[in-house]
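A.B. asks: The chain contents come next:
There are 4 protein chains.
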Amino acid sequence: MQAVMTKEDLTEFLERVFPQVRDDFVIESIDGVNTVMRLKVAERHLRPGGTVSGPSMFGLADVSAYVATLARIGKEALTVTTGCSMDFMRKPEAGKDLIAHATLLKLGRTLSVTSILIYSEGSDAPVARANMTYSIPPK
Amino acid sequence: MQAVMTKEDLTEFLERVFPQVRDDFVIESIDGVNTVMRLKVAERHLRPGGTVSGPSMFGLADVSAYVATLARIGKEALTVTTGCSMDFMRKPEAGKDLIAHATLLKLGRTLSVTSILIYSEGSDAPVARANMTYSIPPK
Amino acid sequence: MQAVMTKEDLTEFLERVFPQVRDDFVIESIDGVNTVMRLKVAERHLRPGGTVSGPSMFGLADVSAYVATLARIGKEALTVTTGCSMDFMRKPEAGKDLIAHATLLKLGRTLSVTSILIYSEGSDAPVARANMTYSIPPK
Amino acid sequence: MQAVMTKEDLTEFLERVFPQVRDDFVIESIDGVNTVMRLKVAERHLRPGGTVSGPSMFGLADVSAYVATLARIGKEALTVTTGCSMDFMRKPEAGKDLIAHATLLKLGRTLSVTSILIYSEGSDAPVARANMTYSIPPK
Numbered sequence: 153m154q155a156v157m158t159k160e161d162l163t164e165f166l167e168r169v170f171p172q173v174r175d176d177f178v179i180e181s182i183d184g185v186n187t188v189m190r191l192k193v194a195e196r197h198l199r200p201g202g203t204v205s206g207p208s209m210f211g212l213a214d215v216s217a218y219v220a221t222l223a224r225i226g227k228e229a230l231t232v233t234t235g236c237s238m239d240f241m242r243k244p245e246a247g248k249d250l251i252a253h254a255t256l257l258k259l260g261r262t263l264s265v266t267s268i269l270i271y272s273e274g275s276d277a278p279v280a281r282a283n284m285t286y287s288i289p290p291k
Numbered sequence: 153m154q155a156v157m158t159k160e161d162l163t164e165f166l167e168r169v170f171p172q173v174r175d176d177f178v179i180e181s182i183d184g185v186n187t188v189m190r191l192k193v194a195e196r197h198l199r200p201g202g203t204v205s206g207p208s209m210f211g212l213a214d215v216s217a218y219v220a221t222l223a224r225i226g227k228e229a230l231t232v233t234t235g236c237s238m239d240f241m242r243k244p245e246a247g248k249d250l251i252a253h254a255t256l257l258k259l260g261r262t263l264s265v266t267s268i269l270i271y272s273e274g275s276d277a278p279v280a281r282a283n284m285t286y287s288i289p290p291k
Numbered sequence: 153m154q155a156v157m158t159k160e161d162l163t164e165f166l167e168r169v170f171p172q173v174r175d176d177f178v179i180e181s182i183d184g185v186n187t188v189m190r191l192k193v194a195e196r197h198l199r200p201g202g203t204v205s206g207p208s209m210f211g212l213a214d215v216s217a218y219v220a221t222l223a224r225i226g227k228e229a230l231t232v233t234t235g236c237s238m239d240f241m242r243k244p245e246a247g248k249d250l251i252a253h254a255t256l257l258k259l260g261r262t263l264s265v266t267s268i269l270i271y272s273e274g275s276d277a278p279v280a281r282a283n284m285t286y287s288i289p290p291k
Numbered sequence: 153m154q155a156v157m158t159k160e161d162l163t164e165f166l167e168r169v170f171p172q173v174r175d176d177f178v179i180e181s182i183d184g185v186n187t188v189m190r191l192k193v194a195e196r197h198l199r200p201g202g203t204v205s206g207p208s209m210f211g212l213a214d215v216s217a218y219v220a221t222l223a224r225i226g227k228e229a230l231t232v233t234t235g236c237s238m239d240f241m242r243k244p245e246a247g248k249d250l251i252a253h254a255t256l257l258k259l260g261r262t263l264s265v266t267s268i269l270i271y272s273e274g275s276d277a278p279v280a281r282a283n284m285t286y287s288i289p290p291k
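Respectively, the protein sequence lines represent chains W, S, Y and H. Numbered per the working numbering, the first sequence finishes at 291, counting up by one with no gaps. Numbered per the working numbering, the second sequence finishes at 291, counting up by one with no gaps. Numbered per the working numbering, the third sequence finishes at 291, counting up by one with no gaps. Numbered per the working numbering, the fourth sequence finishes at 291, counting up by one with no gaps.
The shape of chain W in the complex, shown without the other chains:
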């Protein structure tokens, strides 16, 4: 249950393979089970009324599960999302970053399953929950 990549390794890897999201996400912490990611909320993530868009929250959940999986299996850029479900429960607070707490529930030979809670920074009532399944390519 030990991470095989450091936060610095993963940050560098993410920026290289997903250059288009480098300004959006920050890995706050990882270990082999729990990952904390930040979405630096900017104008382009918002919907009218100042709320964060659904696709932006989906993206945060997705990248959190990706990082949680890679932290254990190492650099497998081909790992792909195969399934997810989300519940949108509260309106994110205007002007706050979103913080995702991801827990890797299973790392199998061909699939990983991660559970994610998303919070407005500083609040303890989750704005969304998600679960993400990643397919892991055979060695």
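Hints were generated in silico from the structure; no laboratory data involved. Hints are supplied without guarantee of correctness; some may be wrong.
Result set (PhoX-like, lysine-lysine): computed pairs, CA atoms no more than 20 Å apart in a straight line [as the list claims (entries may be wrong)]:
no.	chain 1	residue 1	chain 2	residue 2
1	W	227	W	248
2	W	192	W	159
3	W	258	S	243
4	Y	258	H	243
5	Y	192	Y	243
6	S	227	S	159
7	S	258	W	243
8	H	227	H	192
9	H	159	H	243
10	H	258	Y	243
11	Y	227	Y	248
12	Y	159	Y	227
Following the hints, put chains S, Y and H in place on chain W, whose structure we already have.
C.D. replies: Then chains S, Y and H, alone, in the frame of chain W:
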């Protein structure tokens, strides 16, 4: 975030409204947020090979979310499941009860959202995860 | 996109590997993509008020996806459900069987994905929708 | 089961309330049950390798369900997504738009449920399936 029903109230209520499941489920503990439920695994819950059937695990997740919701809103027998998703992650251990740990993530005016992890008793690797949405009837 | 098992083969196989459900389900029709299954609704499937229980509807969706997958890959009893989601949309009609219409959306090397709509017999407004993911064991 | 808004009304309404997505989506057709939406795939929707990003597919499914719901209830900009699940089944084809076929399965007093299949234009094997639940504000 306080329960409005005791474990004894809820147990008596469940047995009255769902007599057909009284031999299956035991409420281990409740508070206003967390609920622990036991499925007393018997022959009728099994599939070939001794594993617990999918419908039995679904039923455990569903009743856990129902109890977690009722603990906060009181006896509303008409509260109904509107949505769920589950991931089946490991084979339950033969001859062990299943224990569900349910967390009420949201209690809104018309919907509740509960997240559930299911374990074989004595193990700390979850066999399944679920989320359940209940519709709450207007007062 | 051709079935490799007939309805009779699959019926005989299901009864052998899942003897506990032989009185519940009937395969109405299969081809390589679409499967129609009937749940013969009986007292044991009901909740108070005469509605069919959630676990019974889950079971119907699950076995429909299993049959839809086996129709294409042949007898692989070890194929297991890895994920699902369901929406419960209407109350089933009392005294009617439930009919599931399952469509195999993907048959990959390691996963199948099936979409299911469940109807009270004779009605054209679905009572539930589901999607089921099965893991296919390596040859 | 009749639409209460025309394609032109809905297009004008979407562009006004979601100006940030006006260059992404086109309503191809609507009636009271079925909606067809196009994602005009551009550089900003892509991931390395030329595949369309998960958040872009989520966004397409989400807006399709929104339009399918509004087509029946009229301009209710406050209608919000409460739940979804998706399966990502095939890699979208490079250089092709994505076409979503959405079916409104239920329009209740407080919730709508929509099922969506997403295709690369010109292909008949779906790249993703989704279901979306929208909460409808009380009148």
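A.B. asks: Would the hint linking residue 192 of chain W and residue 159 of chain W be met if the CA-CA limit is 20 Å?
C.D. replies: 17 Å, holds
A.B. asks: Hinted pair, alpha-carbon criterion (20 Å max): residue 258 of chain Y, residue 243 of chain H. Please report holds or violated.
C.D. replies: Given that 20 Å is the threshold and the Cα spacing comes to 12 Å, the pair holds.
A.B. asks: Would the hint linking residue 227 of chain W and residue 248 of chain W be met if the CA-CA limit is 20 Å?
C.D. replies: 31 Å, violated
A.B. asks: Residue 227 of chain H and residue 192 of chain H: Cα distance at most 20 Å?
C.D. replies: 24 Å, violated
A.B. asks: Between residue 227 of chain S and residue 159 of chain S, is the straight-line Cα distance small enough, at 20 Å or below?
C.D. replies: Holds, because 13 Å separates the two Cα atoms, which is no more than 20 Å.
A.B. asks: Residue 159 of chain H and residue 243 of chain H: Cα distance at most 20 Å?
C.D. replies: 30 Å, violated
A.B. asks: Check whether the Cα positions of residue 258 of chain W and residue 243 of chain S lie no farther apart than 20 Å.
C.D. replies: Holds: residue 258 of chain W and residue 243 of chain S sit about 12 Å apart, inside 20 Å.
A.B. asks: Residue 227 of chain Y and residue 248 of chain Y: Cα distance at most 20 Å?
C.D. replies: 31 Å, violated
A.B. asks: If you draw a straight line from the CA of residue 192 of chain Y to the CA of residue 243 of chain Y, is it 20 Å or shorter?
C.D. replies: 17 Å, holds
A.B. asks: Can you confirm whether the C-alpha distance between residue 159 of chain Y and residue 227 of chain Y stays at or below 20 Å?
C.D. replies: 13 Å, holds
A.B. asks: Are residue 258 of chain S and residue 243 of chain W close enough, with their CA atoms no more than 20 Å apart?
C.D. replies: Satisfied, since the Cα-Cα distance of roughly 12 Å is no more than 20 Å.
A.B. asks: Hint check: residue 258 of chain H vs residue 243 of chain Y, CA-CA at most 20 Å. Holds or violated?
C.D. replies: It holds: about 12 Å lies between the C-alpha atoms, which stays within 20 Å.
When each numbered hint is compared with the structure, violations occur for hints 1, 8, 9, 11.
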